[in-house]
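Colleague: Sequence:
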Amino acid sequence: MAVTPAQTTVDDVADWWANSICRMEPGVVELRGVPVQDLIGHRGLVSTIWLMVRGSSPTTDEEALLEAAMVASVDHGPQAPSIAIARMTATCGVGMNNAIASGVNALGDSHGGAGQQCVELLSDIVERQSAGADLDAATAEVVAEYRARDPYLPGFGHRFHPVDPRRDPLLGLVDKAVSAGVVEGRHVAAARAVETELNRGRRKPVPMNIDGATAVIYAELGFPPELARGLFVLSRSVGILAHAWEETNSGRRNKGPMPTSILPTYR
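When you line the sequence shown up against my numbering, it's residues 99 to 365, in that order.
Calculated directly from the structure, the hints in this document are not laboratory data.
Since we're looking at a predicted model, the values are computed, not measured.
Glycine residues also receive a C-beta, built at the ideal position from the N, C-alpha and C atoms.
Treat each hint with caution, since some may be false.
Stated by the list, open to error - The following label-pair restraints were derived from C-beta to C-beta distances:
(1) Leu233 with Trp343: 40 to 48 Å
(2) Thr158 with Ala340: 43 to 51 Å
(3) Gly320 with Leu233: 13 to 21 Å
(4) Val132 with Pro303: 24 to 32 Å
(5) Trp343 with Gly131: 16 to 24 Å
(6) Gly142 with Ala104: 45 to 53 Å
Given only the sequences and the hints, what does the whole structure look like? Please build it.
Modeller: Written as structure tokens, this is what we have:
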């Protein structure tokens, strides 16, 4: 039977916000059952992020791998829309929170979503392998299906870098983690199979980029696709903060997307 407002009890209200993440009472703050005072000074931010979203603690090797992925995605310069927007917003007389939020809000499917999409792609290949398909056959099938919808494959190729400088260091860490038994290695194998499939018969290679390399790490560590995007947003927020703060201290007011000496074409 539906509860009417007159019947609502204190327990009803408390249950409305029931959660398994944070317990807060007078003198008590627990995160996933761990007293916050036991985390302060003993647990790093990346480990705490894992604890908060997964409800468990990572091993030292898992934490190091996740941290590498998040460090690699911190910034990619003011030509990135999210950074440019944050820098412009910071000159408009709003607070730092508004500048950061404006930049974060630009992270969508086209700018910031490739990591999530790549995890989905790699997981699709791995799932078909688990169902009995050969890796190469599963890869060719999935790549063909994705390219039928869009010629660009998430996590591969880059507009600026012939080879993304963040790619090889991350993949090297994944390879070490596979050798050490930290992760299984099925997603990194799928990613390399995609790279091979994409470059079959091509003169100009299409290598894996930062989104692909971090997607490999998130997938190998067991994060679902949606959290891959969330973790990227957390990482890129650091760069957004730094750029917004620098622009705030420049003294410039109402910065637009191009110098005032250049006027937009009128058609």
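Colleague: All the hints need checking, so say for each whether the structure fits it.
Modeller: Results of checking the hints against the structure:
A beta carbon spacing of about 46 Å between Leu233 and Trp343 agrees with the range 40 to 48 Å that was offered as a hint. Taken as a hint, the range 43 to 51 Å is violated for the pair Thr158 and Ala340, whose Cβ atoms sit roughly 28 Å apart. As the Cβ distance of Gly320 to Leu233 is approximately 20 Å, the hint placing it in 13 to 21 Å holds. Taking the beta carbon of each, Val132 and Pro303 are about 46 Å apart, not inside 24 to 32 Å as hinted.
Distance hint for Trp343 and Gly131: a CB-CB separation of about 35 Å, inconsistent with the stated range 16 to 24 Å. Checking the proposed 45 to 53 Å range against Gly142 and Ala104 shows it holds: the Cβ atoms sit about 49 Å from each other.
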